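**Student:** Taken in order, these protein sequences are the chains called P and G.
Mapped onto the numbering used here, the consecutive letters of the first sequence carry residue numbers 14 to 173.
Mapped onto the numbering used here, the consecutive letters of the second sequence carry residue numbers 706 to 987.
These are calculated hints, taken from the structure and not from any lab test.
No experiment lies behind these values; they were computed from the predicted model shown.
Any given hint could turn out to be false.
[What the hints assert, rightly or not] Label pairs and their calculated CB-CB ranges:
id, chain 1, residue 1, chain 2, residue 2, range
1, P, R100, G, Q837, 54 to 64 Å
2, P, E31, G, A754, 39 to 49 Å
3, G, D982, P, P50, 39 to 49 Å
4, G, N741, P, I131, 52 to 62 Å
5, P, E31, G, E855, 38 to 48 Å
6, P, V170, G, E978, 25 to 35 Å
[Unchecked claim] Straight line, CA to CA, 27 Å or less: simulated DSSO-like cross-link-like pairs of lysine-lysine:
id, chain 1, residue 1, chain 2, residue 2
7, G, K981, P, K71
8, P, K130, G, K968
9, G, K968, P, K71
10, G, K727, G, K758
11, G, K979, P, K73
12, G, K968, P, K123
13, P, K123, G, K872
14, G, K950, G, K830
15, P, K146, G, K968
16, P, K71, P, K89
17, G, K727, P, K73
18, P, K146, G, K863
19, P, K51, P, K89
20, G, K950, P, K164
21, G, K797, G, K772
22, G, K872, P, K146
23, G, K968, P, K73
24, G, K950, P, K123
25, P, K164, G, K727
26, P, K164, G, K811
27, P, K164, G, K863
28, G, K758, G, K968
29, G, K830, P, K71
30, G, K758, P, K146
31, P, K71, G, K979
Positions of the beta carbon are idealized from the N, C-alpha and C atoms, including for glycine.
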Amino acid sequence: MSEIIVGISDLKVSSNPEDALVTYALGSCIGIAVFDPKANVGGLLHFMLPDSSLDPNKAKATPGMFADTGIIALFKTCYAYGAEKKRMVVKIAGGANILDDTNYFRIGEKNIMAMRKIFWRNNVFIDGEDTGKNYNRTMRLDLSSGRCTLKSSNGTVNDI
Amino acid sequence: MIINCILKSVEMVPAFPAAIQKVAELLSDEDYAVTNVTNVINRDQAIAANILKISNSAYFGSRRQIKTVHEAVVYLGRQHLIRAVQAAGISKIYRKGSKGYVLQAKDLWEHAVAVALMSQILCRKIQGREDQTLYTAALLHDVGKVIMGEYVQEYFQKIICRIDEIKCSFLDAEEEFIGINHANLGGRIAEHWNFPIELRDAIAYHHRPDLLNEEGNTLASLVYLSDQACLMMGLTGGIDALAYKGLEDVMRYFDLRIVDLEKSFIELMDELEKAKDLMLIG
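Put together the whole structure using the sequences plus the hints.
**Tutor:** Written out as structure tokens, the structure reads:
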């Protein structure tokens with residue numbers, strides 16, 4: 014089995030059942046894992062910021078950096094591999110925040126909100142999630158089974 | 706008492722590489738002699754080897770191969786040289802440290818580099834210039850973890866439970882179970898190294914700059930912000946992750962908005978791409 018690593022602001026798609034897509038250390042960033050069991054296509058996005066209007070040039074070069082451009086790129090790439098939206102299972106993780114209720118550091122929360130809005134507008138349902146709190150997460154999508162596993166910095170390991 | 710063992714370990718920490726301070730002293734005079742600097746670097750074999758690696762890395766953008774320390778000193782120039790010497794020496798300190806917080810000791814070093822780069826991004830934004838002391842403080846901010854790692858590993862479950870129960874910070878939990886937090890411990894190491902007070906404070910209070918009086922806390926506040934930003938980005942964060950206090954006043958003090966932080970994330974991604982080689986040295 015080969016492990017394909019998805020860096021920050023990156024996305025990877027594969028249809029090889031031997032592959033596993035992995036992204037490390039999601040803090041305030043969010044990981045979105047999608048899987049179409051029939052076409053056996055899986056994708057993983059690790060986006061960092063909520064909105065590409067912050068830097069449109071950057072968004073063109075690195076669409077995976079932002080929620081809006083990243084999610085579109087993730088789904089389109091999966092379609093190109095033969096995936097269909099209605100069959101796609103969507104799992105999300107990350108969006109952690111620093112402690113306290115100060116609004117100044119809530120990029121994790123902004124990321125979650127931006128993502129939900131995009132999904133809602135496009136009729137995409139979230140099938141599993143582990144978001145918020147204050148720990149880091151490593152997300153892994155196994156393409157042989159579509160299994161999505163999270164390993165958190167607080168020591169827990171679980172499937173979503 | 707654990708705390709006594711820890712404080713004893715501080716006394717055992719090897720001296721801060723003399724070459725770093727010596728080079729900084731020599732370079733504080735703009736009219737420095739290249740031969741003097743070269744001689745100092747050549748006396749520390751590990752640093753000399755790293756200087757060659759660094760000056761040939763993409764980060765410092767050398768187009769031709771640099772073969773001797775003398776060439777490196779000439780090529781790098783004043784500001785790059787002091788940073789390269791620091792990187793060469795300090796990476797060793799982190800790499801020798803215990804894991805505990807992170808899976809591999811090199812993760813501590815990668816985090817330190819990210820925070821140092823972020824500190825300059827924020828400093829350029831806030832003060833319109835770079836700041837060498839800030840860079841040094843940022844690079845060394847987590848030096849306490851080099852000793853603390855071992856103890857944190859032992860108390861990990863208790864610390865995590867406590868954070869979950871009462872929503873305290875990782876720092877408070879460290880104090881409760883171990884008797885000192887990693888930032889203050891870093892301050893003790895800085896004292897052991899005879900660092901100037903502002904550098905010591907910036908390390909010791911990098912999670913709580915609000916505890917320092919206002920004149921003394923600019924450096925600590927900038928290290929704090931740079932660290933928080935990197936932790937949020939998930940940049941080689943450890944088991945402590947984001948379990949630290951968000952200090953709204955620090956953002957207000959520098960007149961920073963959340964979009965400023967977001968923009969600094971983007972800038973850091975570019976700089977990290979260039980600094981890849983810097984993280985590999987050691």
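**Student:** Now tell me if each hint is right for this structure.
**Tutor:** To see whether the hints hold, each was checked on the structure:
no.	hint	verdict
1	R100/P x Q837/G: 54 to 64 Å	56 Å, holds
2	E31/P x A754/G: 39 to 49 Å	41 Å, holds
3	D982/G x P50/P: 39 to 49 Å	42 Å, holds
4	N741/G x I131/P: 52 to 62 Å	59 Å, holds
5	E31/P x E855/G: 38 to 48 Å	39 Å, holds
6	V170/P x E978/G: 25 to 35 Å	31 Å, holds
7	K981/G x K71/P	20 Å, holds
8	K130/P x K968/G	22 Å, holds
9	K968/G x K71/P	11 Å, holds
10	K727/G x K758/G	20 Å, holds
11	K979/G x K73/P	20 Å, holds
12	K968/G x K123/P	14 Å, holds
13	K123/P x K872/G	21 Å, holds
14	K950/G x K830/G	23 Å, holds
15	K146/P x K968/G	23 Å, holds
16	K71/P x K89/P	19 Å, holds
17	K727/G x K73/P	46 Å, violated
18	K146/P x K863/G	18 Å, holds
19	K51/P x K89/P	17 Å, holds
20	K950/G x K164/P	23 Å, holds
21	K797/G x K772/G	22 Å, holds
22	K872/G x K146/P	10 Å, holds
23	K968/G x K73/P	16 Å, holds
24	K950/G x K123/P	18 Å, holds
25	K164/P x K727/G	45 Å, violated
26	K164/P x K811/G	20 Å, holds
27	K164/P x K863/G	19 Å, holds
28	K758/G x K968/G	31 Å, violated
29	K830/G x K71/P	19 Å, holds
30	K758/G x K146/P	40 Å, violated
31	K71/P x K979/G	16 Å, holds
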